[in-house]
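J.: So the chains spell out like this:
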Amino acid sequence: MSTEPILRVEGLDLHYGPVQALHGITLSVPPEGMCAVLGANGAGKTTLLRALSGLHKVSSGKVLLEGEDITRLPAERIITRGLAHVPEGGGVIAELTVEENLRLGGLWRSSRTDKKAMAEVLELFPPLAERRKRPSSTLSGGERQMLAIGRALMAKPRVLLLDEPSLGLAPLITQQIFDLLRDLRKSSGLTVVLVEQNAAGALATTEHGFVLNQGKVAVSGASDELLSDERTRHAYLGF
Amino acid sequence: MEKFLDLTYNGLSSGAVYAALALSLVIIFQATRLVNFAQPAFALVSAYTAFAVIQATDSYWLGFGAALVVGALAGALVERVVIRPIASKSELNAIIVTLGLLLVVQGVIGMVWGSREHGLRYAFDYKGDFSPADVFAVASIAVVAVLVFVLYRFSPLGLRMRAAAFRPEAARLSGVKVGLMLTAGWAIASTIGALAGMLAGPPFLSPHSFDLVFVFAITAAVIGGLDSPFGAILGGLLMGLAMSYVSGYVGPEVATLAALVVVVLVLSLRPDGILSRPKARKV
Ligand SMILES: Nc1ncnc2c1ncn2[C@@H]1O[C@H](COP(=O)(O)OP(=O)(O)OP(=O)(O)O)[C@@H](O)[C@H]1O
Ligand SMILES: [Mg+2]
Numbered sequence: 001m002s003t004e005p006i007l008r009v010e011g012l013d014l015h016y017g018p019v020q021a022l023h024g025i026t027l028s029v030p031p032e033g034m035c036a037v038l039g040a041n042g043a044g045k046t047t048l049l050r051a052l053s054g055l056h057k058v059s060s061g062k063v064l065l066e067g068e069d070i071t072r073l074p075a076e077r078i079i080t081r082g083l084a085h086v087p088e089g090g091g092v093i094a095e096l097t098v099e100e101n102l103r104l105g106g107l108w109r110s111s112r113t114d115k116k117a118m119a120e121v122l123e124l125f126p127p128l129a130e131r132r133k134r135p136s137s138t139l140s141g142g143e144r145q146m147l148a149i150g151r152a153l154m155a156k157p158r159v160l161l162l163d164e165p166s167l168g169l170a171p172l173i174t175q176q177i178f179d180l181l182r183d184l185r186k187s188s189g190l191t192v193v194l195v196e197q198n199a200a201g202a203l204a205t206t207e208h209g210f211v212l213n214q215g216k217v218a219v220s221g222a223s224d225e226l227l228s229d230e231r232t233r234h235a236y237l238g239f
Numbered sequence: 001m002e003k004f005l006d007l008t009y010n011g012l013s014s015g016a017v018y019a020a021l022a023l024s025l026v027i028i029f030q031a032t033r034l035v036n037f038a039q040p041a042f043a044l045v046s047a048y049t050a051f052a053v054i055q056a057t058d059s060y061w062l063g064f065g066a067a068l069v070v071g072a073l074a075g076a077l078v079e080r081v082v083i084r085p086i087a088s089k090s091e092l093n094a095i096i097v098t099l100g101l102l103l104v105v106q107g108v109i110g111m112v113w114g115s116r117e118h119g120l121r122y123a124f125d126y127k128g129d130f131s132p133a134d135v136f137a138v139a140s141i142a143v144v145a146v147l148v149f150v151l152y153r154f155s156p157l158g159l160r161m162r163a164a165a166f167r168p169e170a171a172r173l174s175g176v177k178v179g180l181m182l183t184a185g186w187a188i189a190s191t192i193g194a195l196a197g198m199l200a201g202p203p204f205l206s207p208h209s210f211d212l213v214f215v216f217a218i219t220a221a222v223i224g225g226l227d228s229p230f231g232a233i234l235g236g237l238l239m240g241l242a243m244s245y246v247s248g249y250v251g252p253e254v255a256t257l258a259a260l261v262v263v264v265l266v267l268s269l270r271p272d273g274i275l276s277r278p279k280a281r282k283v
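As given, the protein sequences belong to chains Y and V, one line each in that order.
Per our numbering, residue 1 is the first one in the first sequence, and the count goes up by one each step.
Per our numbering, residue 1 is the first one in the second sequence, and the count goes up by one each step.
Simulated from the structure, these hints should not be mistaken for laboratory data.
None of these values were measured; they are calculated from a predicted model.
Glycine included, every Cβ here is placed at the ideal spot set by N, Cα and C.
Careful, some of the hints might be misleading.
[Claimed, not checked] FRET-style restraints, in silico, Cβ to Cβ: (1) V:Pro85 / Y:Pro74: 32 to 42 Å; (2) Y:Pro127 / V:Val215: 43 to 53 Å; (3) Y:Asp69 / V:Pro85: 26 to 36 Å; (4) V:Leu147 / Y:Ala94: 25 to 35 Å; (5) V:Gly114 / Y:Ala94: 46 to 56 Å; (6) Y:Asn41 / V:Lys89: 26 to 36 Å; (7) Y:Pro126 / V:Leu103: 53 to 63 Å; (8) V:Leu147 / Y:Gln214: 27 to 37 Å; (9) Y:Pro74 / V:Val81: 18 to 28 Å; (10) V:Arg80 / Y:Leu167: 36 to 46 Å; (11) Y:Arg112 / V:Glu253: 50 to 60 Å; (12) V:Arg80 / Y:Pro18: 47 to 57 Å; (13) Y:Pro126 / V:Val82: 29 to 39 Å.
Between the sequences and the hints, there should be enough to build the whole structure, so can you do that?
T.: If you want it as structure tokens, here you go:
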């Protein structure tokens, strides 16, 4: 296992019009690991992920994926470099069927449906297999989140950004999704960056954590240390 | 009875044209959320291209092919150069711009070819009840309908186009070039518009050849539900039949009025059109 970070962010600034939302974000994500990005509402977590995946233009700074500069690439190119993003709310296309959503995820690699990848994803998420032909609008919240993750996996990414996959889900389902991500990391060497409100759950699942506050990295460190550090917990994580 | 059959045949063949134009409107509406009033401009440019090519080469089918190619290119060009810069700013602006584009194209065609009528051939013999030309009109729109269905429902391009239309951001995150999909949608729609021009153009072309046809086509699209390709086709055929019966049994002068009545009736019973999905889609 190489220790070179798979994803490096250097001095990232981002503005919404005149308002600066990210201030010199610098962080490194080691390969084949799982790290958490935490912080209060409005801290800039979603903004950071959207900047990484190319949905937002950054004002300055760099994003390096496996050493390659992807900062100025548009989202539709960044996915082809191996970085997938499951946005806040999942981004499942309700008008398409479950299977069409999954097919869409793999389309950039080949116009032919990747039957093997599809079978793997359906095996990972049995409820989706039973509902393949159904419109995605008929899925439950948890099934939708599975579909969103499944669609991202169809792209065979090396880095997966997840924005609050637990949003609106029962704790049990959230735990299942976290466990699944850990397994995936082991089986396919996937690197996961997890944005979460549920700080305790996220830190228990990951090795490393970054806490954002007002668009800056306030604290970073090993997850278990963050979890046991009273000051950080009180100041930023609220538990 | 014979009159009824006559009117039915007539209605079906003119309905095929309304259906084609209505389908092209729906395709653009689905991709861009825009009612494209420039649609007859594509039909005009294509039909005049066909006229010029047929005159030069004496081959109808060369002219027909040229019309479709020019239609596709014109649609792609207009989306890239005219619509894209404005559409993001204001929907109303974009609609007004498409109207303006129609007037400009009509003006330019009038300057190049004059406002007098030019003869445009039918693809096939047009004499008699349900003539070969009528069969061609109905068959070609049937083929187009099937092609469009297969393209959207089963092809990778169609999946990309639908994703880009429904959730552009999610589509981008899956690697879809959303801008390119919009251009493709306009190109497909204007090719169908070109086909409509070739069907509705003969026997005589003038810069205003498609005005009335277009009014009926918009009516058909609204009846069918702007969001439903099959609704558009059904709406087109129904409009064709209704207009044919009304002009045959009541008189041609009330046909336009009848179109209005049909719209009001349909929209008061089913505000989203006959075939639209029951629940409204959030955009
Ligand atoms: N599109 C936008 N335009 C302008 N300001 C925005 C936009 N999106 C986010 N912001 C602002 O940027 C800041 C960071 O927002 P962001 O959505 O990244 O927070 P977050 O950490 O994801 O919060 P949450 O936990 O509530 O999802 C907030 O102050 C927000 O108001
Ligand atoms: Mg957020």
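J.: Now tell me if each hint is right for this structure.
T.: Hints, one by one, checked against the model:
1. At roughly 18 Å, the beta-carbon separation of Pro85 of chain V and Pro74 of chain Y lies outside the given 32 to 42 Å, and the hint is violated.
2. Distance hint for Pro127 of chain Y and Val215 of chain V: a CB-CB separation of about 50 Å, consistent with the stated range 43 to 53 Å.
3. Roughly 30 Å separates the CB atoms of Asp69 of chain Y and Pro85 of chain V, a value that falls within the hinted 26 to 36 Å.
4. At roughly 26 Å, the beta carbons of Leu147 of chain V and Ala94 of chain Y sit within the given window of 25 to 35 Å.
5. Checked against the given bound of 46 to 56 Å, the beta carbons of Gly114 of chain V and Ala94 of chain Y, roughly 52 Å apart, stay inside it.
6. Taking the beta carbon of each, Asn41 of chain Y and Lys89 of chain V are about 31 Å apart, inside 26 to 36 Å as hinted.
7. The beta-carbon spacing between Pro126 of chain Y and Leu103 of chain V, approximately 59 Å, falls within the hinted interval of 53 to 63 Å.
8. In this structure the supplied range 27 to 37 Å is violated for Leu147 of chain V paired with Gln214 of chain Y, their Cβ-Cβ distance being about 55 Å.
9. At roughly 21 Å, the beta carbons of Pro74 of chain Y and Val81 of chain V sit within the given window of 18 to 28 Å.
10. Arg80 of chain V and Leu167 of chain Y have their C-beta atoms about 38 Å apart, which keeps the hinted 36 to 46 Å range intact.
11. A beta carbon spacing of about 57 Å between Arg112 of chain Y and Glu253 of chain V agrees with the range 50 to 60 Å that was offered as a hint.
12. Arg80 of chain V and Pro18 of chain Y have their C-beta atoms about 31 Å apart, which leaves the hinted 47 to 57 Å range violated.
13. For the hinted restraint 29 to 39 Å between Pro126 of chain Y and Val82 of chain V, the CB-CB distance of approximately 49 Å leaves it violated.
Checked against the numbered hints given earlier, the structure breaks hints 1, 8, 12 and 13 and satisfies all the rest.
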